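**Student:** Here's the letter readout for the chains.
2 protein chains.
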Amino acid sequence: MSAGFELDTRLAGDTLVVGDLALCRVLLMRDCRYPWLVLVPRQPGKVEVADLAEDERARLWREVDAVGGALRAVAPCDKLNIGALGNIVRQLHVHVVARREGDAAWPGPVWGFGKAEAYAESEAEQLVVAIRRQLAI
Amino acid sequence: MSAGFELDTRLAGDTLVVGDLALCRVLLMRDCRYPWLVLVPRQPGKVEVADLAEDERARLWREVDAVGGALRAVAPCDKLNIGALGNIVRQLHVHVVARREGDAAWPGPVWGFGKAEAYAESEAEQLVVAIRRQLAI
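Protein chains in written order, with our numbering: chain A, 1 to 137; chain B, 1 to 137.
Treat each hint with caution, since some may be false.
As the list makes no split between identical chains, a pair holds if one copy fits it or if it spans any two.
[What the hints assert, rightly or not] Restricting the straight-line Cα-Cα distance to at most 30 Å, the calculated cross-link-like pairs of lysine-lysine (DSBU-like) are: (1) K115 / K46; (2) K79 / K115; (3) K79 / K46.
What the hints contain is simulated information worked out from the structure, not anything from laboratory work. Since this is a predicted model, take the numbers as computed values, not measurements.
Pulled out of the complex, with its shape left as it was, chain A reads as follows (with noise of 0.2 Å):
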């Protein structure tokens, strides 16, 4: 189902790549402000949600579910923000992000909120292994 997928320059430079899912790959921003994921559907040309076939769109929820479940393993937090916003860079993908109370964008959103910090490039490192082994990819 990936012919012709490419990533999205913007996407690619912000964040690690953790692994593939059936439909999705599994991104981790690069800002230690907060665990942040980022699920892409590997195929072209999709922005919206519903330019996916339906049975996509539930495998796409469902990978969200998986990805909220392995990331607040990891990294314990107050509230998941899952978002799907795509104003900025329009290749579909959703946000995955672990909330604590107190972080820097709380209780607003993260996204355009600042800047982002690096990650120590060891804490990044095993904050993907970790999450790779969560998710058994």
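Take the given structure of chain A and dock chain B to it, following the hints.
**Tutor:** Frame of chain A; chain B shown alone:
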């Protein structure tokens, strides 16, 4: 499935009721800056999407699809924004917002941005009626 369900008082104050789908109550945000609907599963005590049973989660997202389609039909837009945040109002709810390039918060998120602007009463009512017609509720 709605025994014991009560709409959060803040959500109730900020919205007009559009109607009920099988799982969710559909609300129109009292904010004329963006055509903005909110879906609230009519079940007590739910905070995260993962708090819903698996079949209800699937139903929630199908209803989000339906509501997005209805919103697009009555309020053409450049991008739908879908969000489940809940950092302030903890009762599980999903936003579906019709975004237009150059709208008040564009390209940022609508949540927490500025102050709601009231609809003319007849305008909100017309929108509610048009959305009900689209959703056949």
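**Student:** Each hint needs a verdict: does it hold in this structure or not?
**Tutor:** Quick rundown of the hints versus the structure:
no. : hint       : result
1   : K115 / K46 : within (27 Å within a copy, 32 Å between copies)
2   : K79 / K115 : both (21 Å within a copy, 24 Å between copies)
3   : K79 / K46  : both (28 Å within a copy, 12 Å between copies)
Figure legend: structure checked against the earlier numbered hints; every hint is met.
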